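Participant: Sequence:
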Amino acid sequence: MAELELRELRKTYRSRGRPAVDAVRGIDLELRSGELLGLLGPSGCGKSTTLRMIAGLETVTGGDILVGGASVVGRPAQARNIGVAFENYALYPPLNVAENLAFGLKARRRAARGSRTDVARKVAEIAERVDLTGLLQARPAGLSSGQKQRVALARALIREPDVLLLDEPLSHLDAAQRDTTRRELKRIQRDLGHTTILVTHDQEEALSLADRIAVMKDGVIQQLGTPYEIYDSPANVFVADFVGEPAINLLPGISTGDGRARLSEAVSFALPVKVAEGREVVIGIRPEDLRLAGRDGGSGARDGGNGGAPTGVRARVSAHEPLLESGIATLALEGVVRPLVVLTDPEVRLARDERVRVTADPGLTHVFDAETGDSLR
1 MAELELRELR KTYRSRGRPA VDAVRGIDLE LRSGELLGLL GPSGCGKSTT
51 LRMIAGLETV TGGDILVGGA SVVGRPAQAR NIGVAFENYA LYPPLNVAEN
101 LAFGLKARRR AARGSRTDVA RKVAEIAERV DLTGLLQARP AGLSSGQKQR
151 VALARALIRE PDVLLLDEPL SHLDAAQRDT TRRELKRIQR DLGHTTILVT
201 HDQEEALSLA DRIAVMKDGV IQQLGTPYEI YDSPANVFVA DFVGEPAINL
251 LPGISTGDGR ARLSEAVSFA LPVKVAEGRE VVIGIRPEDL RLAGRDGGSG
301 ARDGGNGGAP TGVRARVSAH EPLLESGIAT LALEGVVRPL VVLTDPEVRL
351 ARDERVRVTA DPGLTHVFDA ETGDSLR
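Under the UniProt record's numbering, the sequence shown has 243 at position 243, and the numbering climbs by one with no breaks.
Simulated from the structure, these hints should not be mistaken for laboratory data.
Here the structure is a predicted model, which is why all the values come from computation and not from measurement.
Yeah, the Cβ is synthetic: ideal placement off N, Cα and C, and Gly gets one too.
Honestly, I wouldn't trust all of these hints.
Heads up, simulated DSS-like pairs for lysine-lysine below, C-alpha to C-alpha not over 25 Å straight-line [claimed, not checked]:
| no. | residue 1 | residue 2 |
| --- | --- | --- |
| 1 | Lys106 | Lys122 |
| 2 | Lys186 | Lys122 |
| 3 | Lys148 | Lys106 |
Each pair of labels, with its calculated beta carbon distance range [unchecked claim]:
| no. | residue 1 | residue 2 | range |
| --- | --- | --- | --- |
| 4 | Glu8 | Tyr228 | 26 to 32 Å |
| 5 | Tyr228 | Pro76 | 37 to 43 Å |
| 6 | Glu354 | Ser144 | 44 to 50 Å |
| 7 | Asp22 | Ser144 | 35 to 41 Å |
My request is simple: use the sequences and hints to build the entire structure.
Facilitator: Encoded structure:
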């Protein structure tokens, strides 16, 4: 498979009487041969526009796209040997599954260079790869959403593309189908080794499937890294907030200059790095990185450096959701407007307005500049 490189790729939409819209603002990306990269971000961030430019379905305003070291900008879509599986499947209703799979081969005149037997062989091979052999005579109307998605994927793969593009491939599936199809998709991509870009707004999809993830916002890549790097070391507040479920706690505070940040007169947390006194920061702590240090009877000093006092920040329980694998506690901190969300052990039961103490490991605490949003770790 070929490697893929984007150099300063830009897309600007212009229309008469309206301001220009910069949908993609100078993206640089390089994919190794056989790599699966997740292009992750909210709606309108430019990820689908990027995919369409790579596929040749959108013109490029500036920059370059190289496949196997050669530029494909200016080539029509059908001349790029890039396979695309669309969000809406784009299957032909009058054709059965076998005919849908063969359609692209015939359209590219491969049938003219080979025999009909060769086309049938390729259809049979790819159908076996994606578990469609028993459905080759079925029409799209009789298929489930998961089966339609497999047909769309098989149709993209049968071309033996240099690069495979997946546009929100699991968005129309229910939870059970999504889990099954995600595992199948990962197996197929690993087996066939296609250089792949997966466009998605679903963080779980990107974290579980991708070798690396590029998180986008407003046409710009905010961070590029492995799933672990994106999750454990977010580059800024946006990445930290977008990736993670339940969402990370983001709490504004002011550095005290002695390794802590004060959120209110009563509450402070230790910082992972030294920050100048008086600097406004945002503390980020994931719910699973907080620990309940026990119930609080109301006595004892608050966390903030009082030696010998009970450990942890005092908090009041606003709500507790006991779930099967864990619980979710929403806590109120004295003088702090934003709530604190904590994952609890499944056997823990907390009552509304109960007083507890909560601790955070400084090594798992993130700190961001309040003005720029950039990580200070």
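Participant: Could you run down the list of hints and mark each one as holding or not?
Facilitator: Structure-based check of each hint:
no.: 1; hint: Lys106 with Lys122; verdict: 12 Å, holds
no.: 2; hint: Lys186 with Lys122; verdict: 21 Å, holds
no.: 3; hint: Lys148 with Lys106; verdict: 21 Å, holds
no.: 4; hint: Glu8 with Tyr228: 26 to 32 Å; verdict: 28 Å, holds
no.: 5; hint: Tyr228 with Pro76: 37 to 43 Å; verdict: 39 Å, holds
no.: 6; hint: Glu354 with Ser144: 44 to 50 Å; verdict: 46 Å, holds
no.: 7; hint: Asp22 with Ser144: 35 to 41 Å; verdict: 40 Å, holds
Of the numbered hints stated above, none is contradicted by the structure.
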